[in-house]
Amino acid sequence: MTDTGTVAITVSVNGVAHTREVEPRLLLSDFLRHKLGLTGTHVGCEHGVCGACTVLLDGYSARSCLTLAVQVDGCTIETVESQGTQDALGPIQAAFRDHHALQCGYCTPGFIMTVADLLEHHPLENDEDIREALSGNICRCTGYQNIVAAVRELAKARGPLT
Amino acid sequence: MKDAGLSVEMRPKMVGSRVKRTEDPRLLSGTGQYVDDLHPAEMVHVAIVRSDQPHALIRDIRADAALDVPGLIGVYDFTDLEGEVSPAIPSSRMRNYYATPIWPLARGKVRFVGEAVVAVVATSRYAAEDAAGLIEIDYDPLPFASDPADAACHDAPLLHEEAGTNVIISREFQHGDIDEILHTAPVVVKGRFRMTRKSASAMECRSYLAQWDKRSRAITFHTSSNIPGIVRDVLSSSLGLPGHRLRVIAPEVGGSFGGKGSLYAEEILVCALARKLERPVKYVSDRLEELSSCSQAFDEWMDAQLAVDEQGHFLGLKADVIGDIGAYSIYPWTGALEPVQVISFMPGPYRVEHYHGRVRGVLTPKPATGPYRGVGRPSSTFAMERLVDMAARKLGMDPAEIRRRNLIRDEEFPYRTAPGIIWDKSAFQECLAAACDGADYTAMRAWQEEARAQGRWVGIGFASYAELTGIGSRIAVAPGMPINTGTETSTIRIDSTGAITADFGIASHGQGLETTLAQVVADELGCAFEDVRVRQGDSEVAPQSTGTYASRSAVLAGGAATKSSRVLKAKVLRAAAMLLDVSEEDLEANGGVIRSRSSNAVLTFREVADAVYNRMGAIPHDKREDLVSTETYDPYLGTACSSTHLCMVEVDLQTFGVTIHRYFVAEDCGRIINPMIVDGQVHGAVAQGVGAALLEEIHYGTDGQLQTGSFVDYLLPLASNMPDIGIAHVEAELPNNLGGFRGMGEGGTIGAPAAIANAISDALSPLGVEIETLPATPDRLFRLVTAKTQEISSQEGNKK
Ligand code: FES
Ligand code: FES
Chain B
1 MTDTGTVAIT VSVNGVAHTR EVEPRLLLSD FLRHKLGLTG THVGCEHGVC GACTVLLDGY
61 SARSCLTLAV QVDGCTIETV ESQGTQDALG PIQAAFRDHH ALQCGYCTPG FIMTVADLLE
121 HHPLENDEDI REALSGNICR CTGYQNIVAA VRELAKARGP LT
Chain A
1 MKDAGLSVEM RPKMVGSRVK RTEDPRLLSG TGQYVDDLHP AEMVHVAIVR SDQPHALIRD
61 IRADAALDVP GLIGVYDFTD LEGEVSPAIP SSRMRNYYAT PIWPLARGKV RFVGEAVVAV
121 VATSRYAAED AAGLIEIDYD PLPFASDPAD AACHDAPLLH EEAGTNVIIS REFQHGDIDE
181 ILHTAPVVVK GRFRMTRKSA SAMECRSYLA QWDKRSRAIT FHTSSNIPGI VRDVLSSSLG
241 LPGHRLRVIA PEVGGSFGGK GSLYAEEILV CALARKLERP VKYVSDRLEE LSSCSQAFDE
301 WMDAQLAVDE QGHFLGLKAD VIGDIGAYSI YPWTGALEPV QVISFMPGPY RVEHYHGRVR
361 GVLTPKPATG PYRGVGRPSS TFAMERLVDM AARKLGMDPA EIRRRNLIRD EEFPYRTAPG
421 IIWDKSAFQE CLAAACDGAD YTAMRAWQEE ARAQGRWVGI GFASYAELTG IGSRIAVAPG
481 MPINTGTETS TIRIDSTGAI TADFGIASHG QGLETTLAQV VADELGCAFE DVRVRQGDSE
541 VAPQSTGTYA SRSAVLAGGA ATKSSRVLKA KVLRAAAMLL DVSEEDLEAN GGVIRSRSSN
601 AVLTFREVAD AVYNRMGAIP HDKREDLVST ETYDPYLGTA CSSTHLCMVE VDLQTFGVTI
661 HRYFVAEDCG RIINPMIVDG QVHGAVAQGV GAALLEEIHY GTDGQLQTGS FVDYLLPLAS
721 NMPDIGIAHV EAELPNNLGG FRGMGEGGTI GAPAAIANAI SDALSPLGVE IETLPATPDR
781 LFRLVTAKTQ EISSQEGNKK
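Residue numbers (full-length UniProt numbering), protein chains in the order written: chain B, 1 to 162; chain A, 1 to 800.
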């Protein structure tokens, strides 16, 4: 810790290494949104319930509102901005668009990052499985049906977990 | 097709298609911009110290300790804004009404836990919260009545002394002699129904950013609101700034469902501070603040009775409703919006000759209630549909049959209900039939029989309702409200590059209006969908607008888009006719290309624009018209959107948890602009209805404290709570408005609580349990079942 009470951290975010002095209490969500300007990650509850703030931390989904920036020193973070751009949507984003799996879009980045983890690590064998796997993220707009449809299609395209 | 006025060759192509949304790429890639994503230079942050008292005088505010916090800019209470702002007054022409003034910060007295008292401004939100934590407020607690029935008593402590009462709203509808009917009817069923308090809980919390421009002495205010035009107008008087020095923008808005559809004290506050400090000022509410100070929903007690003859025909209905409207009358809708709609819509889509509805809206020390998806009708439909099922059970009649006998029939439209609402022709009966067909009602009953034989608690529930959508200028959306909610304006322009911009006052917050309105413009103007850019949610692009709420945008903005496109198209064709030297009648426009029917001559919109604007003399100077049109649409009356929901649920014998096995919605929403978006609205609205039915309840203790201050206590539906929802669209006859659209965004929330309550009551009917309070939580169901089982066993004991 420095005299000013800040801590130097180095984090790889979406493939780019960032070194910053941060207060120990700075939330990862605030670090990403307000220090790095990656505002795709959203905050819906600040206490770990809604999943809007979900990012990948070393490849696994994590709640950035419950993680301190200093905890991810030396780690790899991926946010929704890593998944594709407006002109070249990634596969999860494209499936969400095709299935109308978003309305206001506020929960969407969190869902996308959760699904990125699920596709890597979760069998997603049937709808019940998919619904259970998605139940850590809240969407107030869609009633989930179209999100489930998007994930069903992505899981099918992926095939069984190896 | 009525009123569409289109020749066969120009039949719409975009309207009716599952067009993918224009909004999506930016929202999916994290490039959308919500208010909190904006970071102007020099911006400062507000943290708010809120009341921890339900009703108290503010004796002293001590901020000394806060002043040393690094980064602190200032600490402000109401005295610091005295003379700089005037309050917003939610006025109405209603009799016996008191309009509670809305100030940015509490003035000497607090009236609910969560009311804003002190604003702390600092260079970061962290610093602002550090300082806020060091501020001490001394209160002199005052007595209060938290229960609306207590608060309505004449000797109850008053929240607003000036009103002289806590009952600031009272209204009655009387048609026929209900007491005589109740006295003589062969069957009367009754209940004391309770729809508890809810929170709209959009995933984005309320967020505000006001920027003061020193050069033009103007404010640009970004707000997560679905009524930016109303906010502009009220802030204009509150801050004393003309509209051209006050621009209100609702950028991406992360849902509202009504929660962001009223003016908030914090909106006045942030603008006043920005002007005072001459710096950009941002306030973003956190979830606790959202649950304790955003407008809340419903909260009614409804004593209701239905009289029925032996054949199941409804004879009369009586309802006495108390609405707990919280501590303030909300701006602009007033506290009457929700409770008055309950009695206005209680007879539902049925023939009810004799009706007496009475409502009182009572002030209590809680956040104001305001609009929430469905407004009034989730409660009224819950009470009425429960009565309908209770009557059917008493008569031994199938719940589908009793509805069939009482739903308004085709030949009866337009039908004027006892409270004076006029239903235009809509598929009331057909939706019931379509729900039974689509969900396979017969098979559901068979399945239920099997499950029951195994001792399982499985039940089936219906809910039929109609809502008034797309309301024009004949009546204000809220009773007696002096704001024009009956019109919307659209300006469409083709500029010198050939780009088409369509401006609207409405404010999309998840509905995909940028897509649907572009679909309407593309068809009506004959241009390419991709060439249309829709601008909305910005007070600068329309002279007046009230925004997006009350299922009005498809009807009103769609109508304005249609009118404006038609005027502009005529201008484009007039110019093209001159350029091609043919008659206008010889031309047709489609997909951005103008063709002559008689020759092979072709012009693009872009070429026409180029000729009009850039090529001097291409069009005779006295015939040249700018390619711009502004038109306002007023549907005058509203149009009915009708629906029947049908579901099957199971109550777990051990946990008393409810699982929804099947859910089906049949609805008539007129001509559909985008079926993908319409289905999405149904899914989302049903989910909110499921929340209201099974999970969501804002709870205040008798000490006036909020007991549900997080999403751990206030439960929202999750993917695992929701079934797949089947949908059938019934299109009986298009309504008599421009475009043939009906509003449909709210219906799911209206039908689902009633349908689920009926299904649970059906599941538990062997025990005689009738659901009267929502949400039907496991705890409530356990108590109901235990009480009934004890009753039954003590009766059996007595018999022995
Ligand atoms: S914001 Fe992190 S879980 Fe809700
Ligand atoms: S799309 Fe609005 S919360 Fe999910």
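The set of hints was computed from the structure by calculation and includes no laboratory data. Just so you know, even glycine gets a beta-carbon here, dropped at the ideal spot from N, CA and C. Errors might be hidden in some of the hints.
What the hints assert, rightly or not - Here are some chain B residues the structure puts well away from chain A; computed CB gaps all over 12 Å:
| # | residue |
| --- | --- |
| 1 | Thr19 |
| 2 | Asp98 |
| 3 | Glu125 |
| 4 | Ile130 |
| 5 | Ser135 |
To be verified - Beta-carbon label-pair distances, calculated as ranges:
| # | chain 1 | residue 1 | chain 2 | residue 2 | range |
| --- | --- | --- | --- | --- | --- |
| 6 | A | Glu449 | B | Glu132 | 25 to 33 Å |
| 7 | A | Arg62 | B | His18 | 39 to 47 Å |
| 8 | B | Ala88 | A | Gln33 | 15 to 23 Å |
| 9 | B | Gln71 | A | Thr659 | 32 to 40 Å |
| 10 | A | Arg62 | B | Tyr60 | 42 to 50 Å |
| 11 | B | Pro91 | A | Ser216 | 40 to 48 Å |
| 12 | A | Pro157 | B | Gln71 | 34 to 42 Å |
Going down the list of hints, with the structure as the test:
no. : hint                            : in the structure
1   : Thr19                           : 20 Å, holds
2   : Asp98                           : 7 Å, violated
3   : Glu125                          : 15 Å, holds
4   : Ile130                          : 8 Å, violated
5   : Ser135                          : 4 Å, violated
6   : A/Glu449 / B/Glu132: 25 to 33 Å : 30 Å, holds
7   : A/Arg62 / B/His18: 39 to 47 Å   : 41 Å, holds
8   : B/Ala88 / A/Gln33: 15 to 23 Å   : 20 Å, holds
9   : B/Gln71 / A/Thr659: 32 to 40 Å  : 39 Å, holds
10  : A/Arg62 / B/Tyr60: 42 to 50 Å   : 47 Å, holds
11  : B/Pro91 / A/Ser216: 40 to 48 Å  : 47 Å, holds
12  : A/Pro157 / B/Gln71: 34 to 42 Å  : 50 Å, violated
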